[in-house]
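Asks: As a plain string of letters, each chain reads:
There are 2 protein chains.
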Amino acid sequence: MITLHGMSWSGNCYKLQLLMAQLGRAYDWQEIDITRGENLSPEFLALNDRGKVPVLQLEDGRIMAESNAILHYLAQGSELLPSDPWAQAKTLQWMFFEQYSHEPYIAVSRFVMRFLPADHPRQQQLAVLKPFGEEALAAMERHLGRLSWFGGHCYTIADIALFAYTHVADEGGFELDRYPRVLDWLRRVAAQPGFVPMRGSPASAVAKQLHPVTDPHSS
Amino acid sequence: MITLHGMSWSGNCYKLQLLMAQLGRAYDWQEIDITRGENLSPEFLALNDRGKVPVLQLEDGRIMAESNAILHYLAQGSELLPSDPWAQAKTLQWMFFEQYSHEPYIAVSRFVMRFLPADHPRQQQLAVLKPFGEEALAAMERHLGRLSWFGGHCYTIADIALFAYTHVADEGGFELDRYPRVLDWLRRVAAQPGFVPMRGSPASAVAKQLHPVTDPHSS
Chain A
1 MITLHGMSWS
11 GNCYKLQLLM
21 AQLGRAYDWQ
31 EIDITRGENL
41 SPEFLALNDR
51 GKVPVLQLED
61 GRIMAESNAI
71 LHYLAQGSEL
81 LPSDPWAQAK
91 TLQWMFFEQY
101 SHEPYIAVSR
111 FVMRFLPADH
121 PRQQQLAVLK
131 PFGEEALAAM
141 ERHLGRLSWF
151 GGHCYTIADI
161 ALFAYTHVAD
171 EGGFELDRYP
181 RVLDWLRRVA
191 AQPGFVPMRG
201 SPASAVAKQL
211 HPVTDPHSS
Chain B
1 MITLHGMSWS
11 GNCYKLQLLM
21 AQLGRAYDWQ
31 EIDITRGENL
41 SPEFLALNDR
51 GKVPVLQLED
61 GRIMAESNAI
71 LHYLAQGSEL
81 LPSDPWAQAK
91 TLQWMFFEQY
101 SHEPYIAVSR
111 FVMRFLPADH
121 PRQQQLAVLK
131 PFGEEALAAM
141 ERHLGRLSWF
151 GGHCYTIADI
161 ALFAYTHVAD
171 EGGFELDRYP
181 RVLDWLRRVA
191 AQPGFVPMRG
201 SPASAVAKQL
211 HPVTDPHSS
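Chains A and B supply the protein sequences, listed in that same order.
Using full-length UniProt numbering, the first residue of the first sequence is number 1, and each one after it goes up by one.
Using full-length UniProt numbering, the first residue of the second sequence is number 1, and each one after it goes up by one.
Derived from the structure by calculation, the hints contain no laboratory data.
These numbers come from a predicted model, not from an experiment.
Keep in mind that a hint or two might mislead.
Each pair may be met inside one copy or between any two copies, as identical chains are not told apart.
Once the Cα atoms are required to be at most 25 Å apart in a straight line, the calculated DMTMM-like pairs of lysine to aspartate or glutamate come out as [stated by the list, open to error]:
hint	residue 1	residue 2
1	130	177
2	52	33
3	208	184
4	52	141
5	130	31
6	208	79
7	208	43
8	130	49
9	208	31
Using the sequences and the hints, build the whole thing.
Replies: Dropping the structure here:
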């Protein structure tokens, strides 16, 4: 059985939990709490010398980092990764967008607002991050005016990658009501077979609307 | 014939020129000078509403953005994109690393140092970017102590993606002499069949060493 090492309230790690649930595949989960420095332990650094989560570990010991690369590997052969070269690359286009133009603004804003003290110097970053995060959400809104899903006509790992931090963007100060197509898309993702909510994210009003049933794993 | 829209001195655009040369494939090149705002023209925004280069345009009009997604599409079926699922995802791992942990520091430092006036306010960014860029180069150096190439045992589009800005990192204030395995890898990339230098990059001492023959396209 594969092992996934990650922190449950990290969107990058949640991506993998969501994919595995939708694939109906079992896995071992190793919780790595980066707020307690567990990612810098000798054991974890032996897995990933960059000290970053998530990490995929195969039974034979092989290791992979980068959440979106892990999604690509785990989704191989399923409908969640198109086999057609154009469709697969379009899926990757939005996954690169997510890592370059979305996560560094929306996920970082969420981290600063939700997990750092109100008087932390990094709170000053928020004003700088805000317009770039809004730009990312606006690009998603425009895309959803043309196509139903980010990979094209079907739900794919591009949707999983983008859902992870978009559905808790309000925790980073982003008002999703301004992006009605994005809100509708979030609801359609949460209605996909096998969907599981992110653990430990009760602060997000949007996330609560998407999965109103109490999550037994929430912390 | 496909059309590539880009700016020749952009590393993200050069990636595609290098791949196409190594595949021996012809293409139309449309130069888009973002310093003159050509990426914000109505014609270009009709191709990519985010105003970003590079853009791939197929003969039938289909459009793709994100340099690394375009590399993935164009390299399909060639040795430069491994078909084995693990090897392909490991290749993508380093391409996501490039966009998340490398390009935002090394490419941005190069842009600020080389293309903005010495008294531009963004010069203050350099001190912030520097340690992250060094961390990326150090991660590459460690990897090259384990494997010869970024995708594994063969030259792949992960090497092309990382070469683009690494080989001109000195234009962003990074001393590559500190990373001897990276320097050796740069030389091995530049020795690959079909290699073409980046146009218009004579400021880089490292790039000059890699391709000492005068580039007739240099500007």
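Asks: How do residue 208 and residue 31 come out at 25 Å by Cα distance, when the copy is not named: within, between, both, or neither?
Replies: within (23 Å within a copy, 47 Å between copies)
Asks: Is it within a copy, between copies, both, or neither that the alpha carbon of residue 208 lies no farther than 25 Å from that of residue 184?
Replies: within (15 Å within a copy, 52 Å between copies)
Asks: Up to 25 Å between alpha-carbons, please classify residue 130 paired with residue 49: within, between, both or neither.
Replies: between (31 Å within a copy, 20 Å between copies)
Asks: My question is about residue 52 and residue 33: at a cut-off of 25 Å on alpha-carbon distance, are they close within one copy, between copies, both, or neither?
Replies: within (11 Å within a copy, 37 Å between copies)
Asks: Which holds for residue 130 with residue 177 at a C-alpha limit of 25 Å: within a copy, between copies, both or neither?
Replies: Classified as within; 16 Å inside a copy, 38 Å across copies.
Asks: Please work out whether the CA atoms of residue 208 and residue 79 approach to 25 Å or closer within one copy, between two copies, in both situations, or in neither?
Replies: neither (28 Å within a copy, 47 Å between copies)
Asks: Have a look at residue 130 and residue 31 and pick one of within, between, both or neither, based on CA distance no larger than 25 Å.
Replies: neither (30 Å within a copy, 31 Å between copies)
Asks: Under a CA distance limit of 25 Å, which applies to residue 52 and residue 141: within one copy, between copies, both, or neither?
Replies: between (30 Å within a copy, 17 Å between copies)
Asks: How do residue 208 and residue 43 come out at 25 Å by Cα distance, when the copy is not named: within, between, both, or neither?
Replies: For residue 208 and residue 43, the Cα distance exceeds 25 Å both inside one copy (36 Å) and across copies (42 Å).
The earlier numbered hints that this structure contradicts are 5, 6 and 7.
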